[in-house]
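Asks: Protein chains in written order, with full-length UniProt numbering: chain G, 1 to 259; chain V, 1 to 130; chain C, 1 to 115.
No lab work stands behind these hints: they were computed from the structure.
Ideal Cβ positions, reconstructed from N, Cα and C, are used throughout, including at glycine.
There may be inaccurate statements among the hints.
[To be verified] Mimicking DSS-like on lysine-lysine, the simulated pairs with C-alpha atoms at most 27 Å apart in a straight line are:
(1) C:Lys60 x G:Lys112
(2) C:Lys60 x G:Lys249
(3) G:Lys117 x C:Lys3
(4) G:Lys217 x G:Lys117
(5) G:Lys78 x V:Lys92
(6) G:Lys126 x G:Lys144
(7) G:Lys144 x V:Lys92
(8) G:Lys78 x G:Lys249
(9) G:Lys136 x G:Lys78
(10) G:Lys126 x G:Lys87
(11) C:Lys60 x V:Lys92
[To be verified] Not everything, but these chain G residues come out facing chain V in the computed CB check (under 10 Å):
(12) Pro29
(13) Cys30
(14) Gln31
(15) Glu33
(16) Leu37
(17) Ile69
(18) Gly71
(19) Phe96
(20) Ala158
(21) Pro160
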Amino acid sequence: MSERTIELEILRYNPATDEAPWYQTYTVPCQEEWVVLDAINYVKDHLDSSLSYRWSCHMAVCGSCGMMINGEPMLSCKAFLRDFGRKIRVEPLSHFPIERDLVVVLDDFMEKLPRVKPYIVRDQEKPIEEGEYKQKPFELYEFKQYSMCINCMLCYAACPQYGLNSEFIGPAALALAHRYNKDSRDEGRDQREEITAAHDGIWECSFVGACSEVCPKAVDPAGAIQQMKLASTMDWYLERLGGVGARVKRSLSSRRTSK
Amino acid sequence: MSRKPFVRPVPATTWYMRNGRYLRYMAREVSSLFIGLYMAGLAMGLMRLAQGPDAWNAYLTALSSPLALVFHVLAFAFATYHATTWFNATPKAMRIRWGDGYVPGPTVVRAHYALWGLVSLVILVLVGVI
Amino acid sequence: MAKSNKPIVWGLFAVGGTVAAFCVPALILAHGLLVPLGVFGENALSYERVSAVIGFLPVKIVVLGVVILTLWHAAHRIRVTMHDFGIRKDDMVAMLCYGAAGLLTATALLGVMAV
């Protein structure tokens with residue numbers, strides 16, 4: 001195992017004493033195979049116990065160690081030191097208020113997520129004695145990719161439209177809405193469109209595509225949002241076609257729902 | 001302890017200078033200015049055609065002015081960039097079912113490029129013949 | 001919150017963007033560069049030939065389709081781009097963009113139908 005020394009430049013902010021954030025540089029002796037999170041843990045354990053940051057699983061599952069690493073939103077547990085130079089700049093996720101050091105305020109996302117009803121909505125629950133809701137392999141395949149989201153919010157830190165307008169529902173929440181819209185057991189698309197097809201929903205997205213590029217789980221929120229735009233546009237026109245439109249819409253959605 | 005979250009403002013007019021990804025996005029968006037202006041010129045040209053041979057010939061002369069040529073070189077570059085970004089993004093927005101999955105993205109993109117080549121050839125030949 | 005009315009223009013934007021991607025680069029190359037540079041000869045796009053071709057109804061429809069859809073694609077994207085450049089008067093920008101697209105649509109329509 002070879003060793004290397006890196007300069008870790010970390011944005012610090014203590015709400016009790018600081019007016020504004022500032023950079024502090026630490027010289028960290030590292031192992032070649034470390035990730036950025038390992039280096040930050042070394043700082044916490046050996047150099048400066050006052051450093052605050054979130055992490056838990058160290059294996060790109062929990063989604064809590066998202067940070068800006070050299071200006072790019074990444075999971076610090078998935079960012080290998082060997083892919084960077086000697087100097088690495090670490091900042092809290094962009095577009096979120098800083099609570100302290102590398103910890104950001106999550107309230108905005110936590111408030112938005114339930115608004116898109118990210119769960120199965122049924123007009124009527126099937127009685128238990130009728131058995132489970134069955135799905136064909138393709139029906140699972142249709143939404144599985146979008147269910148991989150770990151709510152790490154890298155996509156929000158990458159999305160310039162969210163940075164410019166924090167009312168925007170944003171990539172992860174919209175992708176999760178799409179995940180349930182695409183689920184053959186679900187009947188909640190009309191309810192979700194009240195939020196997703198409103199002004200601060202999908203229409204705030206201008207398809208920069210940054211969300212999908214930074215996603216550590218290959219969810220592709222940008223693709224999900226464009227598909228929702230297409231579906232919402234069809235719905236908009238069908239709703240204005242009166243009886244014929246309603247019939248087309250019903251037949252389309254009954255094809256989606258396996259009874 | 002009371003909370004005092006620090007908000008980092010995003011500069012509304014220069015945010016896209018932050019990285020190459022945003023700059024490429026802005027180049028794609030700015031293509032619309034060139035495509036729009038070109039189409040505005042073409043719409044006017046169609047009006048000139050309706051006004052008779054003299055108006056049409058004046059329009060053709062204006063097309064070969066150095067300013068028009070420089071604009072059309074730029075417009076061609078931006079329109080081509082628009083086309084590539086549009087075709088590359090198409091399979092994300094529109095998925096086509098194929099058996100128990102979807103037509104693979106690269107296949108959709110390649111089909112678009114092939115059709116693009118064909119349409120371009122037809123346009124070039126038609127304008128050349130007319 | 002009410003549903004947005006963006007689908008009206010977004011539908012045109014999406015269809016127009018596709019049409020523009022397929023047709024506009026070659027159109028600019030041929031009509032904006034090769035013809036003025038004389039590559040297709042002296043008589044390319046002469047009044048007699050062009051007015052004869054555009055006299056056909058199917059040609060009228062195709063030409064108008066390409067011009068009008070592309071115009072609306074550009075108008076919508078310019079509106080979004082203005083916002084990206086930091087211009088926040090979206091209602092006014094939208095009126096200007098779609099207004100211009102409307103006027104140019106009328107221009108192209110009147111021109112082509114009169115040939």
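Asks: Would you pick out the hints that fail for this structure and give their numbers low to high?
Replies: 1, 2, 8, 9, 10, 11, 12, 13, 14, 15, 16, 17
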